[in-house]
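The lines below spell out each chain.
Protein chains: 2
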Amino acid sequence: MRRNTVGVGIVGYGVVGNGVVKLLRRKRAAIRRQAGVDIEIRRIAEREPARCRTSSVPSALFTPNMQDILDDPDIRIVVELIGGKTSARQIVTGALSRGKHVVTANKALLAARWGEIFSLVERTGATIRFESSVMAGVPVIRSLHEGLAGNNVTAFMGILNGTTNFILTRMEQRGVEFQKAVEEARKRGLCEADPALDVDGHDAADKLSILGSLASGQWLPPENIYTEGIRHLAHDDLAFGREQFGCDLKLLAVYKRRGSRAEARVHPTFIPGDHPLAAVRNEFNALYLQNDTAGPVMLYGKGAGQLPAASGVIADIIAQARIVAGRAAGDLRPPVNSSRSLVVVPMEEISSSFYLRFSTVDRPGVLSRIAGALGEHKVSIQSVHQRGRPDAHGVVAIVMATHTTREGDLRAAIRKIDAWKSIVRKKTVAIRIED
Amino acid sequence: MRRNTVGVGIVGYGVVGNGVVKLLRRKRAAIRRQAGVDIEIRRIAEREPARCRTSSVPSALFTPNMQDILDDPDIRIVVELIGGKTSARQIVTGALSRGKHVVTANKALLAARWGEIFSLVERTGATIRFESSVMAGVPVIRSLHEGLAGNNVTAFMGILNGTTNFILTRMEQRGVEFQKAVEEARKRGLCEADPALDVDGHDAADKLSILGSLASGQWLPPENIYTEGIRHLAHDDLAFGREQFGCDLKLLAVYKRRGSRAEARVHPTFIPGDHPLAAVRNEFNALYLQNDTAGPVMLYGKGAGQLPAASGVIADIIAQARIVAGRAAGDLRPPVNSSRSLVVVPMEEISSSFYLRFSTVDRPGVLSRIAGALGEHKVSIQSVHQRGRPDAHGVVAIVMATHTTREGDLRAAIRKIDAWKSIVRKKTVAIRIED
Chain B
0 MRRNTVGVGI VGYGVVGNGV VKLLRRKRAA IRRQAGVDIE IRRIAEREPA RCRTSSVPSA
60 LFTPNMQDIL DDPDIRIVVE LIGGKTSARQ IVTGALSRGK HVVTANKALL AARWGEIFSL
120 VERTGATIRF ESSVMAGVPV IRSLHEGLAG NNVTAFMGIL NGTTNFILTR MEQRGVEFQK
180 AVEEARKRGL CEADPALDVD GHDAADKLSI LGSLASGQWL PPENIYTEGI RHLAHDDLAF
240 GREQFGCDLK LLAVYKRRGS RAEARVHPTF IPGDHPLAAV RNEFNALYLQ NDTAGPVMLY
300 GKGAGQLPAA SGVIADIIAQ ARIVAGRAAG DLRPPVNSSR SLVVVPMEEI SSSFYLRFST
360 VDRPGVLSRI AGALGEHKVS IQSVHQRGRP DAHGVVAIVM ATHTTREGDL RAAIRKIDAW
420 KSIVRKKTVA IRIED
Chain L
0 MRRNTVGVGI VGYGVVGNGV VKLLRRKRAA IRRQAGVDIE IRRIAEREPA RCRTSSVPSA
60 LFTPNMQDIL DDPDIRIVVE LIGGKTSARQ IVTGALSRGK HVVTANKALL AARWGEIFSL
120 VERTGATIRF ESSVMAGVPV IRSLHEGLAG NNVTAFMGIL NGTTNFILTR MEQRGVEFQK
180 AVEEARKRGL CEADPALDVD GHDAADKLSI LGSLASGQWL PPENIYTEGI RHLAHDDLAF
240 GREQFGCDLK LLAVYKRRGS RAEARVHPTF IPGDHPLAAV RNEFNALYLQ NDTAGPVMLY
300 GKGAGQLPAA SGVIADIIAQ ARIVAGRAAG DLRPPVNSSR SLVVVPMEEI SSSFYLRFST
360 VDRPGVLSRI AGALGEHKVS IQSVHQRGRP DAHGVVAIVM ATHTTREGDL RAAIRKIDAW
420 KSIVRKKTVA IRIED
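These protein sequence lines are chains B and L, in that order. Anchor point for the first sequence: position 253 equals 252 in numbering that gives the first Met the number 0, and the numbering is continuous, going up by one each time. Anchor point for the second sequence: position 344 equals 343 in numbering that gives the first Met the number 0, and the numbering is continuous, going up by one each time.
In isolation and in its complexed conformation, chain B is listed as follows (with noise of 0.2 Å):
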């Protein structure tokens, strides 16, 4: 193989799996442009063969013995993608015992193993990573461990599953129960026949695990997370919540460093209306980290589908490729047409709707010069508000808000009116409104 070209193995033909391999095979040259090394899939071990078959991959790749890919000695990343505890654990461990770089995104393990995996990591001097374990594409496990690096993480709260902050949502904003939120979860795909993992919180406990094992720098294994899911929540709960105490309900993952020991729970919280994890709603995740230096710092985004979970392992793969090809994992190296300049769109051609605010004598007849204005060069009117009595010098304030529209069309009617010294007292105010 090239001197820049990784082999990479991956075990497990699913939802993900089939992201990682599709992306990594559409990106190829672009990933090779930009962190400069080319990662070519060497093999695919799936043991269903229904699975592969499929026109998009030679069939040639697949193999359904997973020590194929174990024994190749160009596959020098394993990205573990198969999930449970059991044939994982022999793929990951095997990996790394060969000096194999290893790729998951396998919570359950990570959490249940830890010990054990980091002690082969130490013994090999191979590397894991595992940034789609938690909270899928969201770097994440990055941030802690080496955006942060130097910082004492002392406290987090996370809201890690995806599926329970969408039944949570719902029963809020819908104002139905449990059951008819969950059933709605399930048709949009967002849980699996049997909710239990989801609801009852043990996916949020592997996810605090393996966050609080990164923060303290110690195994925190699962069980002994005190572990609450969100069964027994009912509509009148988030209703009191938000009127009597303007708090929002949501199932946290809690880590507070106390000294040498540390609480670690997962459990339906209040927490108040102005904090940044109330205004995350629907199926989004997020992670509220506390540290003694970098001040309050929140990462938010997807934590589950096949996409964003493959982001996440496509990250780790450019890493560790890069660490094979004998560079840097995060060294920045220079695009390459770092001289030429980005060509950046002249404002007259930006489109977007408009907040208007014009100050005029309050006169009849005035309303409609301006609309008419407006309207000669194309700016569509949403709304018109007057607000307010004239001011001592008799002005007042004309607020509108127009429909999507050329920003030069915009700026051309503006020009004229404000020219229009007798009726427009002060310069129009213009505000662009994204939707």
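No lab work stands behind these hints, which were simulated from the structure alone. Keep in mind it's a predicted model, so treat the numbers as computed, not measured. Hints are supplied without guarantee of correctness; some may be wrong.
No copy labels: a pair is met if it fits in one copy or bridges any two.
Below, a list of computed lysine to any residue pairs in the SDA-like style, where the Cα atoms sit at most 25 Å apart [what the hints assert, rightly or not]:
1) K255 - E348
2) K26 - D71
3) K426 - G371
4) K377 - F177
5) K26 - D37
6) K21 - P295
7) K425 - A238
8) K425 - Q243
Position chain L against the provided structure of chain B, taking the given hints into account.
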């Protein structure tokens, strides 16, 4: 020097320089343990003699001459913290030319000299890191460059200047006008005597230049960015936006890829009240990223301040020190005690306030019996609410909020109350409240 010891030179001993030196010295042993490298400050260059008179740092470390840092072969990492674009440029290009790695927080220099700096990086093989140049210690650079590696970042919107976000938050919440809000920001040390760089949007434009260059792979010069500040906004605009459109007003840095070109602009923008960026208040910053794979990702935190800025600088130094010491930058080494697990505090010892919902028969005396049982177990009631009428079975909900209480005490009280089968008809629901 010992193999694992990496020499660092600091240029500039102002506010951030002070923070970096203080933290590196205080945390030296912890960094050695966690990151596997020993970081030694070999020299601090500072021209201002008054700044060098400090009891905490040996005076022999100081030099007025930054050339001493460039000439010391044992200094492998140069940390530029003087700001400005003249001497800072000499330091950065001088260090890279000598093959030394560079850490900088200098957004203005990076934005103005992107092409020159990265041409040097390409030629010399030295690396440059600049996490603190945007959003201080919040790992946005890493996330964009490494965490989302393999993603095509198609658009982002950022609240990248804390001073203006504080001013807008004040104008909205306190109903004050721009000038008064600026004075409040000044009182809190959030802006310079001349707030122009902040309030006219230039600071945000420099940061947009850096993020846009990273996202596009081409230099986005700040002078090509349309830049509009917040001086012309009135409290009325914020009030109107809220009342009429349900929108919040933010100074946004906007990037949108459009084919081979991109939109790049800084201006006040109305965003819907339920957008994650709308919940970013006061001096906080946030970056909301869109891409082709991971789904929307947001990072949130403090964008300025001595320790937050020092945090990002130190994370960069650690990453480069690992490269110098021959280790992979982001490689996760196991904590020393990977097999000894973290001791978790028992739930009985946790303290928090509680929301309680009792399902009782609708009969006089019930409330006083419940309150009595809580009192016996040292649970202090903050408020009591009874909601609605009895249901078909004659059951009513009594809702309470408690003051902070030991979980063990609360559980004992509820066990007792739930045993009163004649008056309590369902298991009591207890939900923790996080303040």
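Q: Determine which of the earlier numbered hints do not hold for this structure and return their numbers in increasing order.
A: 4
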